[in-house]
Amino acid sequence: MWTLSGRALAPWAAGAARLLPPYSRLVAVLEPGATCTPFSTAELKEKPDMSRFPVEDIRNFSIIAHVDHGKSTLADRLLELTGTIDKTKKNKQVLDKLQVERERGITVKAQTATLFYNFEGKQYLLNLIDTPGHVDFSYEVSRSLSACQGVLLVVDANEGIQAQTVANFFLAFEAQLSVIPVINKIDLKNADPERVEKQIEKVFDIPSEECIKISAKLGTNVESVLQAVIERIPPPKVCRENPLRALVFDSTFDQYRGVIANIALLDGMVSKGDKIVSAHTKKTYEVNEVGVLNPNEQPTHKLYAGQVGFLIAGMKDVTEAQIGDTLYLHNHPVEPLPGFKSAKPMVFAGVYPIDQSEYNNLKSAIEKLTLNDSSVTVHRDSSLALGAGWRLGFLGLLHMEVFNQRLEQEYNASVILTTPTVPYKAVLSSAKLIKEYKEKEITIINPAQFPDKSKVAEYLEPVVVGTVVTPTEYTGKIMALCQARRAIQKNMIFIDENRVMLKYLFPLNEIVVDFYDSLKSLSSGYASFDYEDAGYQTAELIKMDILLNGNIVEELVTVVHREKAYTVGKTICERLKDSLPRQLFEIAIQAAIGSKVIARETVKAYRKNVLAKCYGGDITRKMKLLKRQAEGKKKLRKIGNIEIPKDAFIKVLKTQPNK
Amino acid sequence: MASSRVRIGRWVAAARAAQRRPRADSLGQPRSPESASTRAALYVHWPYCEKRCSYCNFNKYIPRGVEEGAMRNCLVTEARTLLRLSGVQRVESVFFGGGTPSLASPHTVAAVLEAVAQETLLPADSEVTLEANPTSAPGSRLAAFGAAGVNRLSIGLQSLDDTELQLLGRTHSAGDGLQTLAEARRLFPGRVSVDLMLGLPAQKVEAWLRQLQRLLYHCDDHLSLYQLTLERGTSLFAQVQQGTLPAPDPDLAAEMYQEGRTVLRDAGFRQYEVSNFARNGALSTHNRTYWQCGQYLGIGPGAHGRFVSQGAGGHTREARIQTLEPDNWMKEVMLFGHGTRKCVPLSKLEVLEEVLAMGLRTDVGVTHQHWQQFEPQLTLWDVFGGSREVEELRAQGLLLLDHRGLRCSWEGLAVLDSLLMILLPQLQEAWQHRTPSPVSGG
Numbered sequence: 000m001w002t003l004s005g006r007a008l009a010p011w012a013a014g015a016a017r018l019l020p021p022y023s024r025l026v027a028v029l030e031p032g033a034t035c036t037p038f039s040t041a042e043l044k045e046k047p048d049m050s051r052f053p054v055e056d057i058r059n060f061s062i063i064a065h066v067d068h069g070k071s072t073l074a075d076r077l078l079e080l081t082g083t084i085d086k087t088k089k090n091k092q093v094l095d096k097l098q099v100e101r102e103r104g105i106t107v108k109a110q111t112a113t114l115f116y117n118f119e120g121k122q123y124l125l126n127l128i129d130t131p132g133h134v135d136f137s138y139e140v141s142r143s144l145s146a147c148q149g150v151l152l153v154v155d156a157n158e159g160i161q162a163q164t165v166a167n168f169f170l171a172f173e174a175q176l177s178v179i180p181v182i183n184k185i186d187l188k189n190a191d192p193e194r195v196e197k198q199i200e201k202v203f204d205i206p207s208e209e210c211i212k213i214s215a216k217l218g219t220n221v222e223s224v225l226q227a228v229i230e231r232i233p234p235p236k237v238c239r240e241n242p243l244r245a246l247v248f249d250s251t252f253d254q255y256r257g258v259i260a261n262i263a264l265l266d267g268m269v270s271k272g273d274k275i276v277s278a279h280t281k282k283t284y285e286v287n288e289v290g291v292l293n294p295n296e297q298p299t300h301k302l303y304a305g306q307v308g309f310l311i312a313g314m315k316d317v318t319e320a321q322i323g324d325t326l327y328l329h330n331h332p333v334e335p336l337p338g339f340k341s342a343k344p345m346v347f348a349g350v351y352p353i354d355q356s357e358y359n360n361l362k363s364a365i366e367k368l369t370l371n372d373s374s375v376t377v378h379r380d381s382s383l384a385l386g387a388g389w390r391l392g393f394l395g396l397l398h399m400e401v402f403n404q405r406l407e408q409e410y411n412a413s414v415i416l417t418t419p420t421v422p423y424k425a426v427l428s429s430a431k432l433i434k435e436y437k438e439k440e441i442t443i444i445n446p447a448q449f450p451d452k453s454k455v456a457e458y459l460e461p462v463v464v465g466t467v468v469t470p471t472e473y474t475g476k477i478m479a480l481c482q483a484r485r486a487i488q489k490n491m492i493f494i495d496e497n498r499v500m501l502k503y504l505f506p507l508n509e510i511v512v513d514f515y516d517s518l519k520s521l522s523s524g525y526a527s528f529d530y531e532d533a534g535y536q537t538a539e540l541i542k543m544d545i546l547l548n549g550n551i552v553e554e555l556v557t558v559v560h561r562e563k564a565y566t567v568g569k570t571i572c573e574r575l576k577d578s579l580p581r582q583l584f585e586i587a588i589q590a591a592i593g594s595k596v597i598a599r600e601t602v603k604a605y606r607k608n609v610l611a612k613c614y615g616g617d618i619t620r621k622m623k624l625l626k627r628q629a630e631g632k633k634k635l636r637k638i639g640n641i642e643i644p645k646d647a648f649i650k651v652l653k654t655q656p657n658k
Numbered sequence: 000m001a002s003s004r005v006r007i008g009r010w011v012a013a014a015r016a017a018q019r020r021p022r023a024d025s026l027g028q029p030r031s032p033e034s035a036s037t038r039a040a041l042y043v044h045w046p047y048c049e050k051r052c053s054y055c056n057f058n059k060y061i062p063r064g065v066e067e068g069a070m071r072n073c074l075v076t077e078a079r080t081l082l083r084l085s086g087v088q089r090v091e092s093v094f095f096g097g098g099t100p101s102l103a104s105p106h107t108v109a110a111v112l113e114a115v116a117q118e119t120l121l122p123a124d125s126e127v128t129l130e131a132n133p134t135s136a137p138g139s140r141l142a143a144f145g146a147a148g149v150n151r152l153s154i155g156l157q158s159l160d161d162t163e164l165q166l167l168g169r170t171h172s173a174g175d176g177l178q179t180l181a182e183a184r185r186l187f188p189g190r191v192s193v194d195l196m197l198g199l200p201a202q203k204v205e206a207w208l209r210q211l212q213r214l215l216y217h218c219d220d221h222l223s224l225y226q227l228t229l230e231r232g233t234s235l236f237a238q239v240q241q242g243t244l245p246a247p248d249p250d251l252a253a254e255m256y257q258e259g260r261t262v263l264r265d266a267g268f269r270q271y272e273v274s275n276f277a278r279n280g281a282l283s284t285h286n287r288t289y290w291q292c293g294q295y296l297g298i299g300p301g302a303h304g305r306f307v308s309q310g311a312g313g314h315t316r317e318a319r320i321q322t323l324e325p326d327n328w329m330k331e332v333m334l335f336g337h338g339t340r341k342c343v344p345l346s347k348l349e350v351l352e353e354v355l356a357m358g359l360r361t362d363v364g365v366t367h368q369h370w371q372q373f374e375p376q377l378t379l380w381d382v383f384g385g386s387r388e389v390e391e392l393r394a395q396g397l398l399l400l401d402h403r404g405l406r407c408s409w410e411g412l413a414v415l416d417s418l419l420m421i422l423l424p425q426l427q428e429a430w431q432h433r434t435p436s437p438v439s440g441g
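As they're listed, the protein sequences go chains L and Z.
Residue 273 in numbering that gives the first Met the number 0 sits at position 274 of the first sequence, and the numbers go up by one each step.
Residue 432 in numbering that gives the first Met the number 0 sits at position 433 of the second sequence, and the numbers go up by one each step.
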């Protein structure tokens, strides 16, 4: 009997193994037989028939929330409840596949999962499009929202509405999506769902009775969320009979299969063997594979209008699957969908290999990573001191950190990152320069290329509108912080008796480095922040050099506002002093504007650096230590004869709360 | 048993007589290279302590009760096995370290020495040092160790300030320390060393210098000044991490070191190594073996050794470490005759790196003759003569390279680890680019 059932299981197991992608890291999904699916064994073997799901049985939705309000936990529960994944304790942030996402508890990359759900005797196809939570990734949010008809707006029952809740709500609102407010974490001791209901009513004008109160952690009331998705979110307005019109809303790169495009079908259907055309590039491809994401790719025969899934069609480069692009059938051109605004980099930093011999490895690592993160802009750059490298544009500081962490973790590359800067502009007055640049207004992304005042009519800096939500007791401190950051207050709204929402116009460079940390520390972590682009304003900018024993450190050249030069210069000098190891001679650290030194620190020479003794002849340990240090020294950057560990740069460049 | 006592007794008497002979200051003098592989120093590790010191992360155990008989037998067995394996014919120094070896019985010390004397030549003038802790070594015990064959004492005095001794977790007071020192000098005149630590948390330069002055008044001809190293896993490290103790100030420690070595120089002491000072030629020959990359055997739990296993037909110098944990070590010794846990052959380059790093710790540095014993083809000039970075160190007055050899200046010795960051890569590079010698096959 036992043998028999084992045999009987074998083909299914083999079939499942074939269907699942080779790189899957999701143990729960990989276990054959453990997964409860709405399809029969035969159907899985044969690929599911997606024609069973007419448009009216399809719902496409997204979960949006402030960081840590429980978006990923709710997603885990929805996946379990619909049998998409097995119910085990291991299901933590199932959709957060990247190591960096799990470590930091954030979602960086949007993920999609198709859920099959029986409700009132009918099987529905629910497409959950997971979105990132952080301000830096709001472009990902809007990208995901365009494939949806509704959202679950998750708000923590304890923390209430936060800055990102507001930002995310308005993204959904502007996209005219149905918003289902979900108040999560009602199991917490300090939960106050009634207060949050009132906030939602006040800020978003949604009647409190529409709020669903749940505990995603315990699974309380999660079933009613699924019911609300079916009842309150409309099916997509599409037509299966029209020719194919598919929106590319995301893409990933797989080194074996090429580009995997995530698509939402607005009209028609698509299947293997179809010839499709990209409206953007006009290139024609043959479809190799289509399927749904559950959450790994599961091939299907076809995808039909209203459905969301993946498509592989021999595209070699993610630029061939531009986000927002429209795909249609060869010889059946359609009106392309309105394209997305491509993500605009807000923070730039130089990236260099620690050793030039690692240039090619780093190059290929950056290429691979940008294949999956097209929001990073890449320009080749070089510096006398650091050799060949790149100037990369990121959506924000977290985005930069995450990118760097992924380079290190996933590609084992270590890099030098230069001070993050924002894209300044200069209106040129010098005819010669205008001729050289072929335009009057230039964008400066590298501080080393900052044109001199004598050749410039005015400098411009990018500004953003920042939203701060905070308990009222911190209002005074936060207003002082904003003022110190040259921000101008726009308005102030009490969202309930304890909470206030402040809007400020900030120069972007004042918030990219350490604003968020300062805000968090002075509000004991209670204030939240989000921002959106607000164009440019004129600014009095100057270039500041950092010198070590008289030699300029190129990677520390900084463009600052005149008012901030001294503070910034002093801080950089102090941080360098704390992080530069002593050497056999004294080091003078100076911040200078032109030839004028505005701040100085000194690192004293080593007076003693020798191990006192080797216990009982344990030379091995001592030699290992010495050789490891000597080996490490080879990788150090040298400015003059001063050796600078990578750490020193990082400590200077890294976000640190204000002292 | 009776006959062995007679034999060791005879060796002790001869050793006593030999001590009275004037000592030769032989540090840095080359010995005939052909006999280098037949000579060795012996380190004996006694792994037990009464109490854990707050700064020590060395291999030691606080036992409920020590089966000393078993331990003794194992030390004797391992000494015999390794001496045979090494093919060493002459043992020139024995060092009983720990742990707290003065907690062992003099009989154990005698048994090990007896085994050495049976296996090899243990000349009467061999240096036999015992590390002694003031509280575990009253005068009568010290005399018994002397009768067992010990002829030199190294006293872990560490400080003359009772508060500091408490901070260090020592069981003795400053008074205990001085008393032990006086008794030791009476029993082993001219053969007593004391340790003094510097750079403790909250320690002041002037107060420490007063301790040193006071110690100078009481001490014998050998002194070691050790800067505290905060080792991970010690209670002192944890207290500094938690902020209950201030971190030791490296600038103050550097000042103590500079002032201290000046005071000692003025008092007629020669700083013959980074942390070691001697007058009247009372240099330790055992430690010299480490610095000169001579052969040494390590026996006892966690002991380290460096020797060629000639007895087994070997030609390569090997780095050995014995099993750390005493009970496991004993089991292995009883099963296999020794408790060697790890044995790594050292490449020629690795040996040269050690010659350099260890030799430069001494005031004579690495002489040309000394270097030549290890590397006859590539001279010190070949390796370091053409380097711009080495030239800079010489110009800064930190390093000397001349007809005598390579050595640190007075200032250079204090920053040796920084110098090695330049010298070691230079050696590695020169070694890679050397023209391979036509004859040498290994």
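Some hints here could point you the wrong way.
Claimed, not checked - Result set (DMTMM-like, lysine to aspartate or glutamate): computed pairs, CA atoms no more than 25 Å apart in a straight line:
1) L:Lys632 to Z:Glu391
2) L:Lys632 to Z:Glu428
3) L:Lys623 to Z:Asp362
What the hints assert, rightly or not - In silico contact screen, one side only, chain Z against chain L (beta carbon under 10 Å); selected entries:
4) Gly198
5) Tyr225
6) Val262
7) Ser274
8) Leu400
What the hints contain is simulated information worked out from the structure, not anything from laboratory work.
The beta-carbon is built from N, C-alpha and C at its ideal position, and this holds for glycine as well.
Check your understanding: Which earlier hints turn out false for this structure, listed by number in ascending order?
Key -> Hint check: 6, 8 fail, others pass.
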